[in-house]
Amino acid sequence: MAVAIDKLVTPTNSDYKAVTPHPKIAVGLGIVGLMIAMAVAVIALVAANDLESGNSAQLLAIAFGLQTTALVTVKVAIAAALVGILVRLWLRIESVKVALGALQPTEHGVGPTLGDVHTQYGDATVTKNVPATLPIHKMARTMWFPMVAMGPMFVIAGLVTSIVWANNVGTSTGIGASGWTQGLQFLGEGLVLAGISFLLGSILGSLREGGAEVQKALGLNVITLKMPATAKAFVALMAAGLMVSMVQFGLYVYTVIGLNADSFAEIAPWWAWMGPLRELGLALLLAGIVLALATIANVLGFQFSRIRSIAATGE
Amino acid sequence: MTTLTIDDFTTETTAQAPDRILPQKAGKALWAPMFAMSLVGFAVGMGLAIARSNMISSGDDVLQIAAYGQYISAAMFFGFAMVFAAISFAIAKILGEFRVGGGSVQEAAHSDVKTLKMPGTAKGFLIGMMMAMMIILTAVVLHIFAGVAIAGGGVDAILAEQWTIWLEAARRFGTVLYLFSIMLGLITIVKVIQFQSFRIRQVAHTE
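Sequences listed follow chains A and B, in order. With the first letter of the first sequence counted as 1, position 28 gets the number 28 in our numbering; the numbers rise by one all the way through. With the first letter of the second sequence counted as 1, position 42 gets the number 42 in our numbering; the numbers rise by one all the way through.
It is worth saying that the hints were derived from the structure and are not from the lab. Since we're looking at a predicted model, the values are computed, not measured. Note that CB positions come from ideal geometry on N, CA and C, so glycine has one too.
In silico DSS-like pairs for lysine-lysine, Cα to Cα no more than 27 Å straight-line:
1) B:Lys25 x A:Lys226
2) B:Lys191 x A:Lys7
3) B:Lys117 x A:Lys97
4) B:Lys117 x A:Lys24
5) B:Lys191 x A:Lys97
6) A:Lys24 x B:Lys114
7) A:Lys232 x B:Lys25
8) A:Lys17 x B:Lys123
9) A:Lys24 x B:Lys123
10) A:Lys17 x B:Lys191
Derived DEER-like restraints, expressed as beta-carbon distance ranges:
11) B:Pro18 x A:Ile163: 51 to 57 Å
12) B:Ser57 x A:Ser53: 29 to 35 Å
13) B:Leu4 x A:Ala157: 40 to 46 Å
14) A:Val247 x B:Gly47: 15 to 21 Å
Isolated chain A (complex conformation) (with noise of 0.2 Å):
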């Protein structure tokens, strides 16, 4: 399984030159989600015209569960183009690889001794071999896949309850369908998003290993930023924005089963609170993205100023 995770994110074969798909995988999910959003927007309007018929409930019944289907849809979508650039990091490695050979010196030092240094993106450490793989990014290479096939499902499975939501507004069945709706998709965008952390957790292993195997093909000591503190953020942020996304799913299944249905007026003053919190286990994987996404700038900006020193002085 997870070879075969893996080689959905390693080129299929080493041509620099060749095209890959992603791009065009993601633009193509990417307007389908935009689409669908634009519908719902005039499903939205119709409804919000529309107040006193019956209809109005049903078709924002109904808007909830597409709306949620087409955000899933752009962060699939995401997830996509985040493939591409793991794909493609790979092949930069290569090049960078291939392309520092020629250009280094013919004489030159290892670089610096073996132990801690301190460099302006941060603290690094220097090694002679290339550093073992960190746990958070062996476990990423293998989680991202699952989360981002497994949050569509739960998307899909709400928007079947959205639709027995919108033919039951109302009565029991209604408010249970509705909490139902409101629990899966939230955790099915948590699981998604998740899975999107895990990419650019990917992507972080990718340039720290790949950078390494660069300066060790080179006869050099291996120079590796250690963890910043921007990352460590990141993986509790996610932890902490997956596990509400769990939470609360189990709150609204424990509202639709636990209290009375028939009786809104019991149910009301958890929902009020549930959405919001919802919204909060999204929130938090957004912000370890942000954080992540500054990481991987910062890795980065040190490892273009290892290849400037490589080609410039040899080491």
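Starting from the structure of chain A, add chain B where the hints point.
Quick look at chain B alone, frame taken from chain A:
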């Protein structure tokens, strides 16, 4: 299998490594403040949601409860607007690292510096981001106006419900548009990496 050559990329040539362009400078400076503001928005939204839940439990004034609903949406979506802005700025920061870093490597190799001109996906990224930001922030401001109007008692229930639906539709569409533009930003990164794989080999005469 379709392949590209370096001539398939539109580039500009300079003698020295180029600086970041304006959106990349903004990205470098603004990602952290946007991130911090998003956390404030989410914290305020959650606090208001807990307060509203208590108001419902204790049977408070219906108008106040409805007004709080508007304020919660305003706070949470202010947070989302800021977190999406932080993501977009972080992507711009990454693109800036590629531009400056790629240029400096070519300069160190005593070569002309070739830099990819801004591709269509990057322009789409910027336009989409700005449009989405405007849509969501307009909805946030209107949610606050709606909340104040509802709390003052000058709005009938049907109109208040209509406002809620319109604003929800607008901010949700804005969110999808924001995500779409972020996807375009990521595709731009794919293109930049692809160009740099070609260019570094060209500089080293190892194509």
